[in-house]
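Here is what each chain is made of, one letter per residue.
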Amino acid sequence: MKLDRARLLAMLAPGLALALWLLLGAAAFHATLAPPVAAALGALLAPLAESHGMLLVGWWLTAAAAGAWLVHRLADVYVAAPARLAEGARVLVEDDGAPPVIGAGSSANGALAEALNALCAQRRTLKQDMARLVEEASRTVAQQRDQLGALLAELQQSVVVCNLEGRILLYNARARALCQRLSRAPGATAGAELIGLGRSIHGVIDAALISHAREGLDRRIARGEPTPAARFVTHTPSGHLLKVSLAPVRSAQPDAPATGFVLLLDDITEDDEAEAHQSQRWLALTEAGRSALANIQAALDMLDYPDLEPPDRERFHQVVRDEVATLGDRLSALAADAAETRTRWPLEEMHGVDLIAAAAHAIGAETQQAVATQAVDAALWLRVDSFALIAALVFLARLTATGRPGGGVELRLSRADGRAHLDLLFAGGAVVSTGWQNAPLGGSAGAACGTVREVVERHGGEVWLEHERQGAAAPRALFRFLLPLAAGGAEPAPIALESRPEFYDFDLFAAGDGGHAQDARTLESLAYTVFDSETTGLDPAGGDEIIQIGATRIVNGKLLRSECFDQLVDPRRSIPEAGIAIHGIRPAMVRGQPTIAEALPAFHAFVSDTVLVGHNVAFDLRFLKLKEEATGIRFEQPVLDTLLLASVTHPNAESQSLDAIAARLGVTVSGRHTALGDALVCAQVFLKLLPLLRQQGIHTLGDARAASEASYYARLRY
Amino acid sequence: MELLRATEAGPSPKVLIADDEPNIVVSLEFMMKREGFQVLVARDGPQALETIRREHPRLVLLDATMPGMTGFDVCEAVRADAGTRHTRILMLTAKGRETDMARGVGAGADAYVTKPFSTRELMQKVKDMMAGDGPGREDPAA
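From first to last, the protein sequence lines stand for chains A and B. For the first sequence, my numbering assigns the number 28 to the initial residue and increments by one for each residue that follows. For the second sequence, my numbering assigns the number 1431 to the initial residue and increments by one for each residue that follows.
Just so you know, not all the hints are guaranteed correct.
[To be verified] Restraint-style ranges between C-beta atoms, simulated for each label pair:
#1 R1527(B) <-> A177(A): 42 to 52 Å
#2 R1527(B) <-> Q345(A): 51 to 61 Å
#3 K585(A) <-> R1527(B): 50 to 60 Å
What the hints contain is simulated information worked out from the structure, not anything from laboratory work. Ideal placement from N, C-alpha and C gives every residue a C-beta, glycine not left out.
One chain only, chain A, in its complex shape (with noise of 0.2 Å):
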């Protein structure tokens, strides 16, 4: 037990008081008496002190011995164990975790000990609670996230939501199709330049534009329209027509001002000349019979004279047979022309089985034919226009059954080089005359539909008459159809995208404010490029080209994989043997792909407003200087290195190779040595660099370019 001073103090003071207060008992008592009585007491004690002080002292021991315990016990009751009690609470009070306290001395402390200990718990209950509820309701929202997400992939308009600014928060794989037809980039990755998470929308929409429909929809809101949008069109520089509809977004509450706006894009280059066609074609059918009428009822109304020379009123009865026969044939064509708009009606994707149920269904009910549909491959997807083609399959199916009713047919379905074969097969193909290709269709459904082939052609395919030769005891026929498939089709597939979430980043609508220099921006909130090339050597003053660029992008924090820049180049030059074993490309590879001064203008789009990191990124920017001055194209981003980075947070480390770099902060190396792949890698290596450069202090872009250049030099010293 350890006694500090205070306590001693107290535990003294019972005895000092008890002494004190007996002398000056004493001394009070001595005061009262008359001098010789005073005296006499004195002489009478006087002996006495020499032979009983002990006694007395001894008593007075005792006395202070009790004090001092009584003091000691009093304090460790009421004064140790409540700051004891009181320590212990304080540590609860941070950790929720830490020990019950424990109420030692009186029940009164162990009474409070156990009510502390409760209202621990009970806090500790409701942070649990409380916990399990935040992560109840995360849950939800990522759900509602994805589901948002899975909604807006499957939509089949292309939608774009944009924070205030313009910067695009979300998209879908629509979109991304529409850019990459709106991009006048080469390659596969065209169109990446123009939509991305973190872009501006306004490099697909001019900027003037959009703040003009913004316009017009505030004073929609200020009119307290429910659903306020804004709709324009729009020519792009490709020469594509957009029908635009923007709305805003806003939270729930009525008067919400609006954080970002949803814009809906609708591609109607062809949809408006189809229409602008059609309407030409209403407007020359009215005015021709407008004509032909006048004429015939200017001539009746000549006839009306009575007083007619012969001649004459042959004259005007002529006009009136002219211009009947004339309508007539105006009227025939309008026909023709109305068959020819059926045709433009668009292929629709359609599962193989289906048709071919549909097709036997209507064989078996026209022709009265036993139709078997047993070889039919049910992965495939057809692109056609079903009502035509079973038009045609029950028109041939007809033309089998003259002369050998009832003899039942077969229909198959197989994939064949990327197409499909659908074949009606048939014993006998000798009753089929020469023609049927282009005989009408006829029939109920067939009417509208022309000729075999005029079906076929309208798919992009052909049909033919085909003999089976082996199986001599009864070799059958077959009509055979080349068929589209679903994939592949007119419709571009969006390139194949890894994972959804990349599309959206909600984080971005609390980005802003773009005005402040970008060194004073914290590295998580900014957007980089991060990219790679592979070149004919490791000269470029002595004539080596770039023969390949791939990038990637990082937005928030989050890197985007499917934002992705893939372009091999066409060095104009040999490629050195020694190259291709690291790089793996070939001439016969470039050949054909665009020239640095073609690909470059893509590029420089592409990482348009953000941050350039590389590793070793020195060596690629002195290619791309080398260009500045032929293709006029400027890189004057902020860069940042991936090696210099990481000789700031491992100063010691042997090597600050890309694989050892990646190696010590557990990046998984796959698909090195293309451009891509190593702008994939260095773009992970820089995400698990941030936090380790934030534990150094390194908080914004400023920070770590100083910290980059102070680690260039220390390098250089060496």
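Starting from the known structure of chain A, arrange chain B on it as the hints suggest.
Only chain B this time, still in chain A's reference frame:
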């Protein structure tokens, strides 16, 4: 009949029919002649303009869609030229949209008739337009 009287009074007024469709020209020509006008015929835009400048007809029945120059172009040219500015123009056309009508009137047509039309009503319109012309407005060269 004022018109007949006018005809009796002096040489009958000239009317130009400008249309590229012979089937309407046949009827219009026949009718106008019966009504006592001197009828001129032009088959296309340039010919119509040239005839107007040469013959100074009182009235032109002008088709809007003609090869060479459209009726609208002819109309504008006639109105631009001080020598022919006062020529009465009745546009006779299969272009029936409101915008076409506005363009015809804007280009300087005095009346705009959409095909098909009743010849009786057309004749009445022609007579009204002629009557609206005071003798003072008769072309001095006619």
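Hint check:
Between R1527(B) and A177(A) the beta carbons are some 48 Å apart, a value that agrees with the proposed interval 42 to 52 Å. Roughly 31 Å separates the CB atoms of R1527(B) and Q345(A), a value that falls outside the hinted 51 to 61 Å. Our hint of 50 to 60 Å for K585(A) and R1527(B) holds, since their Cβ atoms are close to 56 Å apart.
Hint 2 alone, counting from the list given before, is not met by this structure.
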